[in-house]
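Novice: Based on the sequences and whatever the hints tell you, model everything.
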Amino acid sequence: LSLIQFFSKMKKWMDMSNLPQEFRERVERLERNFEVSTVIFKKFEPIFFDMFQNPYEETSKPHRSRKQRRVPCSVKDLFNFCWTLFVYTKGNFRMIGDDLVNSYHLLLCCLDLIFANALLCPNRRDLLNPSFKGLPVEFHTLEIKASEDPPCIIAMLCELHDGLLVEAKGIKEHYFKPYIAKLFDRKILKGDCLLDLCNFTENSKALNKEYEEYVLTVGDFDERVFLGADAEEEIGTRKFPADVPGEKTAARAHVECHLQQHFEKKRSFAPSTPLTGRRYLREKEAVITPVASATQSVSRLQSMVAGLKNAPSEQLTAIFESCARSPMESIVSRVKEIGETFCCSYTQSTDEQPGSHIDFAINRLKLAEILYYKILETIMVQETRRLHGKDLTALLEQDLFHRSLLACCLEIVLFAYSSPRTFPWIIEVLDLRPFYFYKVIEVLIRSEEGLSRDMVKHLNSIEEQILESLAWTRNSALWNALEASDNKVPTCEEVIFPSNFEASNGGSGLGHLPMMPLSPIIHPRVKEVRTDLGGSLRRDMQPLSPISVHERYSSPTAGSAKRRLFGDDSPKEMQMEKILTKGTKLTIAPAASIGAENMSTSPGQTVLTMTTTTGPGKAGQKVTIPLHG
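The sequence shown begins at -19 in this note's numbering and counts up one residue at a time.
Check the hints yourself; a few may be wrong.
[What the hints assert, rightly or not] Using 30 Å as the maximum straight-line C-alpha spacing, the simulated DSS-like pairs for lysine-lysine come out as follows:
#  : residue 1 : residue 2
1  : K316      : K419
2  : K170      : K56
3  : K56       : K167
4  : K316      : K149
5  : K419      : K370
6  : K185      : K167
7  : K113      : K149
8  : K157      : K167
9  : K22       : K189
10 : K162      : K149
11 : K289      : K22
12 : K22       : K(-11)
13 : K346      : K419
14 : K162      : K185
15 : K152      : K162
16 : K56       : K(-8)
17 : K157      : K22
18 : K346      : K316
19 : K189      : K170
20 : K189      : K56
21 : K170      : K157
22 : K157      : K56
23 : K316      : K289
24 : K185      : K149
25 : K152      : K185
26 : K370      : K289
27 : K185      : K157
28 : K419      : K289
29 : K152      : K346
30 : K170      : K185
31 : K152      : K189
32 : K157      : K113
33 : K152      : K289
34 : K167      : K113
35 : K56       : K(-11)
36 : K162      : K189
37 : K189      : K157
38 : K22       : K(-8)
39 : K162      : K22
Keep in mind that the hints were calculated from the coordinates and are not lab data.
Specialist: If you want it as structure tokens, here you go:
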């Protein structure tokens, strides 16, 4: 029974046995750790083959003497040692274990260390790939002395293999190097060169022994299973290619297909929902690995906030000062309070997941704060134009609006880093109702053009999750809103633009389903994700929701029959009302009296004739309707 089959059967068993949520969360965390390790290992192989010789092509040399002699480590031994060092180090930093981005950068640190030792160790250059781009210029001519400072190729690895240089260097300096020094202090690692003939065997044995103790005490599963000869049966992947590079056997293609099906939804670690889980459709973007997807999301996020500070800009400060009552102090204090709550919860260990280091929490919070002030400024500019310069004090004093917006920014940052703390973790930590969080999603999407496609899809999936279940819980704020509006729920026609109802006669509608109402979130970015029609839409052709952000967070008018959620009355209804009030001539007569008309009627049938006049002295249109019965 492979691990993939185990998790599949475990889910079915948990559903049939109706096991408690705590047990389900533990299994989900174990599965996520397995998924992260699988993704990292699939990335580890090609990087190792790029830096070092291919261990599969290595030929073993027969011993000519019966006397046991120490032999230098082979490329295959180096491959196993590097992976074991990575999984053991990752186990020590449990806050990195199920974080895909941090785990990947930790792997790059391990490869950097092994490369430096292979380069500086005498007579061990044969392990290196002579065509690797990270080799020093004098590699083929000069000998590098062991006393020299080890070269750092983190920058080269990040450039070649989808890494983030700042993140990787931070992991190396603040976590990896101090931990390796600790391993030397504990005598787990010995010698000036880890790969030296006298040191490698002892280092490898000691490292494997320590890792075995870790697995038996606090570990989830032995991640060295990827190195075994039967890895294909136990997991669904191979340790080394069993065929010539560039070719695939039918068995390997089947294994890769099986893995692809299991990890398809983990490309961005976003939840799959009925609307966003379009797994059977071809992706618009090129197929990329989960690691590349995660690092690209972080790069996109960092480019969105590049050059900005986690404080109000001059323009935003000017908007605050133009209000009747400046909200600057309350906004800054609220952001500080939410930040302290976030850092405390992010670093706190629970039964479901270990706490992260405070440095990670501060880094995530800073990005979210910059994004919050950036989007808040955009929203204020939009609202000023919409309301023609009216005072924005009432909106800026809405506590729920600010909490929801900052929570949404934190969720975007956590998603970009593929954090295991997925929604609704953030609203549980900040004690925010899903109903209020839902309100800010459209506002944020239409205010920030830099969001990637995956980020928009993730927010869309959260919206669906709230609409499906979270908004209908016992303590939901939705019930209070319904009670305040005298339990008068708006109909679909009252809250959706008439242009969003697709015609069934093959007209100019964009869709193919008759009379299928689209979501009121009609921003072209969202429509692109939901309907895959975004390529034919222009942003200036799409009407934004006419409701202001202030109205979105206000209570409905007491005693109103219906609440204007997303716009004015239907233009079609207004046009019909105009026609009926300006002049309409109705005639009801037997069919025989209009025999001159080219109309098929049965004897004795009554018809209704309606003539409209569009203006004085102008002929109107004549409509004849048969009345059956």
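Novice: Quick one, are K189 and K157 close enough, alpha carbons at most 30 Å?
Specialist: 21 Å, holds
Novice: Just to be careful, I want the Cα atoms of K289 and K22 compared with a cutoff of 30 Å; is the pair within it?
Specialist: Violated, at roughly 37 Å.
Novice: Mind checking the alpha carbons of K316 and K149 for me, to see if they're no more than 30 Å apart?
Specialist: 28 Å, holds
Novice: Regarding the pair K316 and K419, is the alpha-carbon distance no greater than 30 Å?
Specialist: Satisfied, since the Cα-Cα distance of roughly 23 Å is no more than 30 Å.
Novice: Is the Cα-Cα distance between K22 and K(-11) 30 Å or less?
Specialist: 24 Å, holds
Novice: Given the hint that K56 pairs with K167, test it: the Cα-Cα distance must not exceed 30 Å.
Specialist: 24 Å, holds
Novice: Holds or violated: K167 with K113, Cα cutoff 30 Å?
Specialist: Roughly 34 Å separates the two Cα atoms, so the pair is violated.
Novice: Take the C-alpha atoms of K157 and K56, compute the straight-line distance between them, and say whether it is at most 30 Å.
Specialist: 25 Å, holds
Novice: For the pair supplied as a hint, K185 and K157, confirm whether the alpha-carbon distance does not exceed 30 Å.
Specialist: Holds. K185 to K157 sits at ~21 Å (cutoff 30 Å).
Novice: For the pair we were handed, K22 and K189, check the Cα-Cα distance against 30 Å.
Specialist: OK: K22 and K189 at ~25 Å, within 30 Å.
Novice: Take a quick look at whether K152 and K189 sit within 30 Å of each other, Cα to Cα.
Specialist: 24 Å, holds
Novice: Sort out whether K149 lies within 30 Å of K162, counting only the CA atoms.
Specialist: 19 Å, holds
Checked against the numbered hints given earlier, the structure breaks hints 11, 16, 34, 35 and satisfies all the rest.
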